[in-house]
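**Q** Sequence:
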Amino acid sequence: MSTDIPPTMPAWSYKTRGPVSKVLKYTTDFPTPSPSKLAPNEVLVKIAYTGFTPTASTLPAIIPPWIQKDGIAIPELEFSGTIVALGSSTIRPEIQLGTPVFGGTSLEILLRRGSGTLAGYCPCPVDQLSVVPAGMDLEHAVALAGNGVTAVQVVDAAGVKRGDKVFVNGGSGGAGSMILQVARDRVGKTGIVISSCSGGNVELVKSLGADEVIDYRQHDPLHEYLVKEHGETRFDAIVDKAQSANGSLFAFAWAMILNLALPAWLGGTPRRYQMVMGTPGVDVMARVKKLAEDGVLVPIIDSTWEMEDALKAYEKLHSQRARGKVIVKVQE
Numbered sequence: 001m002s003t004d005i006p007p008t009m010p011a012w013s014y015k016t017r018g019p020v021s022k023v024l025k026y027t028t029d030f031p032t033p034s035p036s037k038l039a040p041n042e043v044l045v046k047i048a049y050t051g052f053t054p055t056a057s058t059l060p061a062i063i064p065p066w067i068q069k070d071g072i073a074i075p076e077l078e079f080s081g082t083i084v085a086l087g088s089s090t091i092r093p094e095i096q097l098g099t100p101v102f103g104g105t106s107l108e109i110l111l112r113r114g115s116g117t118l119a120g121y122c123p124c125p126v127d128q129l130s131v132v133p134a135g136m137d138l139e140h141a142v143a144l145a146g147n148g149v150t151a152v153q154v155v156d157a158a159g160v161k162r163g164d165k166v167f168v169n170g171g172s173g174g175a176g177s178m179i180l181q182v183a184r185d186r187v188g189k190t191g192i193v194i195s196s197c198s199g200g201n202v203e204l205v206k207s208l209g210a211d212e213v214i215d216y217r218q219h220d221p222l223h224e225y226l227v228k229e230h231g232e233t234r235f236d237a238i239v240d241k242a243q244s245a246n247g248s249l250f251a252f253a254w255a256m257i258l259n260l261a262l263p264a265w266l267g268g269t270p271r272r273y274q275m276v277m278g279t280p281g282v283d284v285m286a287r288v289k290k291l292a293e294d295g296v297l298v299p300i301i302d303s304t305w306e307m308e309d310a311l312k313a314y315e316k317l318h319s320q321r322a323r324g325k326v327i328v329k330v331q332e
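Here the sequence shown is numbered in the UniProt record's numbering, starting from 1 and rising by one per residue.
Derived by calculation from the structure, the hints in this document are not laboratory data.
Cβ coordinates follow ideal geometry from the N, Cα and C atoms, glycine included.
Be careful, since some hints might not be right.
To be verified - Pairs of lysine to any residue residues, derived as SDA-like cross-links and limited to a Cα-Cα distance of at most 20 angstroms, are as follows:
1) LYS161 - LEU204
2) LYS37 - ILE91
3) LYS22 - PRO64
4) LYS189 - ASP211
5) LYS15 - ARG112
6) LYS165 - LEU138
Unchecked claim - Distance windows between CB atoms, simulated:
7) THR27 - ASP283: 45 to 53 angstroms
8) HIS223 - LEU97: 51 to 59 angstroms
9) ASP156 - ARG17: 43 to 51 angstroms
10) THR304 - THR27: 16 to 24 angstroms
11) ASP4 - GLY281: 24 to 32 angstroms
12) LYS37 - ALA134: 26 to 34 angstroms
13) ALA134 - SER303: 19 to 27 angstroms
14) ASP156 - GLU332: 49 to 57 angstroms
15) GLU315 - GLY200: 49 to 57 angstroms
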């Protein structure tokens with residue numbers, strides 16, 4: 001079942017491995033994924049907005065496109081848009097043709113078929129998307145797709161509860177701003193949330209619910225300041241995005257290995273450490289949707305770029321100066 005779908009679409013794609021700034025090429029006549037080739041549990045989404053993440057943006061430099069269909073691939077995973085085709089076994093009653101949705105396509109679709117979300121249309125498993133929250137537009141909904149899910153799952157994994165004291169390292173970015181809001185809701189009025197950011201983002205982070213905001217540039221090294229000011233009342237949970245300045249997957253993985261494997265005196269962490277990668281699913285996305293509808297989770301948009309300016313959007317993402325989510329408007 002499908003609506004009228006054009007044979008071609010706008011898309012950024014790459015044929016050789018390398019940084020996005022060098023390998024991505026833009027075209028307006030890329031072949032549109034065929035509804036007839038959808039898996040039974042998939043839908044085809046007309047993409048309105050794509051959300052960028054540091055990790056996904058490194059995949060073109062790591063994954064060779066020759067493993068993908070026709071040796072060409074479209075990057076990115078997150079989206080908001082409208083359902084235009086249904087697979088034969090999509091049985092979620094709330095998901096119909098024309099339904100506005102947000103979500104994230106699967107790595108399997110991205111890696112095997114080369115179908116990412118920086119394009120006019122993209123297939124997606126029906127259990128990895130949700131109806132857009134009531135009263136929210138597609139531009140803001142895309143910020144919930146990955147970071148909202150990650151925020152809920154990170155706070156769950158940390159076991160945050162009422163009355164806890166929590167530290168969120170980096171509360172002004174796309175993921176950090178979401179984690180901060182979910183943590184604020186979880187600890188309640190009796191809990192404490194402390195966060196770090198650069199001086200220019202202090203007021204933003206305060207507005208998201210932080211009781212104390214630390215300018216990491218004024219208090220460098222940050223860990224020594226935390227020991228001095230908060231050593232007597234320990235944090236119940238610390239959330240830290242272990243990435244390098246360019247969001248490298250290699251740096252992310254190396255930081256995880258150090259924290260998990262090394263003793264504290266060699267640079268590891270002296271308490272339980274867990275890496276959490278946001279994984280979309282029906283239940284968690286329903287929770288994200290409700291948090292947004294209840295006003296607990298407010299998407300923060302740094303900037304919205306036209307499709308033709310996607311490379312400029314990547315520059316902003318990699319600058320480490322984004323206040324919230326960097327997104328691209330694919331089409332109306």
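**Q** Give a verdict on every hint.
**A** Structure-based check of each hint:
Taking the CA atoms of LYS161 and LEU204, the gap is near 24 angstroms; set against the 20 angstroms cutoff, the hint is violated. Annotation: proposed proximity of LYS37 to ILE91 holds, straight-line Cα distance about 18 angstroms (limit 20 angstroms). Simply put, LYS22 and PRO64 have alpha-carbon atoms about 14 angstroms apart, close enough for the 20 angstroms limit, and the pair holds. Annotation: proposed proximity of LYS189 to ASP211 holds, straight-line Cα distance about 10 angstroms (limit 20 angstroms).
In summary, the hint linking LYS15 to ARG112 is supported, as the alpha carbons are separated by about 14 angstroms, within the 20 angstroms threshold. Taken as a hint, the LYS165 and LEU138 pair is broken in the structure, with Cα atoms around 34 angstroms apart against an allowance of 20 angstroms. Separation of THR27 from ASP283 is about 38 angstroms and departs from the stated range, judged on CB atoms against 45 to 53 angstroms. Under the hint 51 to 59 angstroms, the C-beta atoms of HIS223 and LEU97, about 52 angstroms apart, fit the expected range.
Checked against the hint of 43 to 51 angstroms, the C-beta distance between ASP156 and ARG17 comes to roughly 35 angstroms, which is inconsistent with it. For THR304 and THR27, the hinted distance range of 16 to 24 angstroms is satisfied, since their beta carbons lie about 22 angstroms from each other. Taking 24 to 32 angstroms as the suggested C-beta distance range, the pair ASP4 and GLY281 conforms, at roughly 31 angstroms. Range check, LYS37 to ALA134: Cβ separation about 33 angstroms, and the 26 to 34 angstroms hint holds.
For ALA134 and SER303, the hinted distance range of 19 to 27 angstroms is satisfied, since their beta carbons lie about 26 angstroms from each other. Evaluation of the 49 to 57 angstroms hint for ASP156 and GLU332 yields a failure: the beta carbon distance comes to about 36 angstroms. At about 18 angstroms, the CB distance of GLU315 to GLY200 disagrees with the hint of 49 to 57 angstroms.
The structure shown violates the earlier hints numbered 1, 6, 7, 9, 14, 15.
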